[in-house]
Amino acid sequence: MLNADKTTITLASGTENTVTDGDGFVLEEGSDEPNAAIFSHDDLTINGGGALTVNARYHAGIVSKDDLKITAGTLTVSTLNDGIKGRDSLVIKDGVIAVNAEGDGLEASNDEEAEEGTIVIEGGTLTVVAGLDGIQAATRLQVDDGSVYLVASDDGINVSGGSDGSALAGRPGQNTFAAFSGTDHLYVNGGTITVDASGDGIDANSPIDMTGGTVIVNGPTDNGNGPIDFMGEFKVTGGFLVAAGSAGMAQAPSASSTQNSVLVVFPTSLPAGTLVHIASANGDAVLTFLPSKAYQSVVLSSVDLVQGATYTVYTGGSATGTAVDGLTTGGTTTAGTPSTEFTVTSVTTFAGSYRGGGPGIRPGRPGGQRP
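Per the numbering used here, the sequence shown starts with residue 1, numbered consecutively.
Hints in this document: simulated from the structure, not taken from any laboratory. Do not take every clue at face value.
To be verified - Using 16 Å as the maximum straight-line C-alpha spacing, the simulated EDC-like pairs for lysine to aspartate or glutamate come out as follows: (1) Lys-69 / Glu-116; (2) Lys-93 / Glu-122; (3) Lys-6 / Asp-66; (4) Lys-93 / Glu-112; (5) Lys-6 / Asp-88; (6) Lys-93 / Asp-144; (7) Lys-69 / Asp-43; (8) Lys-69 / Asp-42; (9) Lys-69 / Asp-5; (10) Lys-6 / Asp-67; (11) Lys-6 / Asp-42; (12) Lys-69 / Asp-94; (13) Lys-293 / Asp-325; (14) Lys-93 / Asp-42; (15) Lys-69 / Asp-88; (16) Lys-93 / Asp-111; (17) Lys-293 / Asp-222; (18) Lys-69 / Glu-122; (19) Lys-6 / Asp-43.
Claimed, not checked - Here are the simulated distance ranges between beta carbons: (20) Phe-25 / Ser-153: 22 to 30 Å; (21) Asp-222 / Thr-334: 26 to 34 Å; (22) Leu-80 / Thr-8: 51 to 59 Å.
Ideal Cβ positions, reconstructed from N, Cα and C, are used throughout, including at glycine.
Starting from the given sequences, assemble the full structure and let the hints guide the process.
Next comes the structure, spelled out in structure tokens:
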């Protein structure tokens, strides 16, 4: 669709639809469009109760050069480049979406206009496997509800255009850092986000506000990236956050938060599958988590971390409760080896082998500066 103010694709209930493109497109001289199996130069909406499978063998899967909105349907996208992309915005209201992309999984790329380049997730179930970033928003990412599962060979989530010195080496255009603008932001207001990343788990390059929902991060394992990477402040006022990964670039939520957090750093890296258990002095569990990757740091923010209370961190052991995305509830926990003890005396607590002046490990960077 090269000349339509707005295009709607309706997936009729009960139907199964497939779009497969060729290995190359015949384009007009001097043009690089269309560049996706489903391409719209203007606004594109996908709705309906049916299913759509997109096999993109040339470039991207689904692309709108303006606003892309998905309100319903079952979408399966496989692509040699980016999966689902709205240049100005990508809004997902509902649906079951699975993306397997060699480039970015979900993307909004317009970083030239302050109010554009946004991704908003209001519902649905998303499973994304990406060769680069799982979710790449140029200016703003907002998650209000749904479930989002990300496996990324680079950053799980990247906001602020992705111009970041902590990105994996060798990715063109990703290894020079630029300060965030006043509108760049990551908002988590609800839903569940589960990240498995080789680069930064959540790489905001901008402030983060978390008011609700559940965020689970596994990775990275190398010290050149961090489970959480933000600029300005990471303000937590509600929800549940656990992030396990390397320690070299680890960050904790900011002192401006109203919900307590702790960053625990272990003396050495622990193997994937090593249980980490945090319990209060009377034995009540605050965290029972089985990270899927090797880790040397754990960040936890939870309403169960109480001011003035003392907690013990155990590693190893076992748990018989119900495990969902590595988090275990109920059942019986056999605590492993005590690693460290901490008392919550401020909104952000640092424990274990954390050293305030150590390389990389930091409670928050002033805008525009990197260690």
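Hint check:
Between Lys-69 and Glu-116 the CA atoms are separated by roughly 14 Å; this keeps the pair inside 16 Å, and the hint holds. Restraint check: the Cα-Cα separation between Lys-93 and Glu-122 comes to about 5 Å, which is no more than 16 Å; the hinted pair holds. Distance restraint check for Lys-6 and Asp-66: the Cα-Cα separation of roughly 9 Å lies within the 16 Å cut-off, and the hinted pair is therefore satisfied. For the given pair, Lys-93 sits about 25 Å from Glu-112 by alpha-carbon distance, which is inconsistent with the 16 Å threshold.
About 14 Å separates the Cα atoms of Lys-6 and Asp-88, which keeps this hinted pair within 16 Å; it holds. For the hint pairing Lys-93 with Asp-144, the CA-to-CA distance comes to about 10 Å; that is within 16 Å, so the pair holds. Our distance criterion of 16 Å between C-alpha atoms is met by Lys-69 and Asp-43, whose separation comes to about 8 Å. Between Lys-69 and Asp-42 the alpha-carbon distance is near 12 Å, which keeps this suggested pair within the 16 Å criterion.
With a C-alpha separation of about 14 Å, the suggested pairing of Lys-69 with Asp-5 holds against the 16 Å cut-off. At roughly 9 Å between alpha-carbon atoms, Lys-6 and Asp-67 fall within 16 Å of each other, so this suggested pair holds. Distance restraint check for Lys-6 and Asp-42: the Cα-Cα separation of roughly 6 Å lies within the 16 Å cut-off, and the hinted pair is therefore satisfied. A hinted pair counts as satisfied when its Cα atoms are at most 16 Å apart, and Lys-69 with Asp-94 qualifies at roughly 10 Å.
As the CA atoms of Lys-293 and Asp-325 are separated by approximately 12 Å, the hinted pair is consistent with the 16 Å bound. Between Lys-93 and Asp-42 the alpha-carbon distance is near 19 Å, which puts this suggested pair outside the 16 Å criterion. The hinted pair formed by Lys-69 and Asp-88 meets the criterion: a straight-line CA distance of about 11 Å does not exceed 16 Å. The straight-line distance between the Cα atoms of Lys-93 and Asp-111 is roughly 23 Å, outside the 16 Å bound, and the hint therefore fails.
Pair hint Lys-293 plus Asp-222 holds up; C-alpha atoms about 11 Å apart against a cutoff of 16 Å. A hinted pair counts as satisfied when its Cα atoms are at most 16 Å apart, and Lys-69 with Glu-122 qualifies at roughly 11 Å. For the hint linking Lys-6 to Asp-43, the alpha-carbon distance of about 5 Å falls within 16 Å, and the restraint holds. The beta-carbon spacing between Phe-25 and Ser-153, approximately 26 Å, falls within the hinted interval of 22 to 30 Å.
Look at Asp-222 against Thr-334: about 31 Å separates their beta carbons, and that is inside 26 to 34 Å. Restraint check, Leu-80 to Thr-8: a C-beta distance of roughly 27 Å breaks the suggested window 51 to 59 Å.
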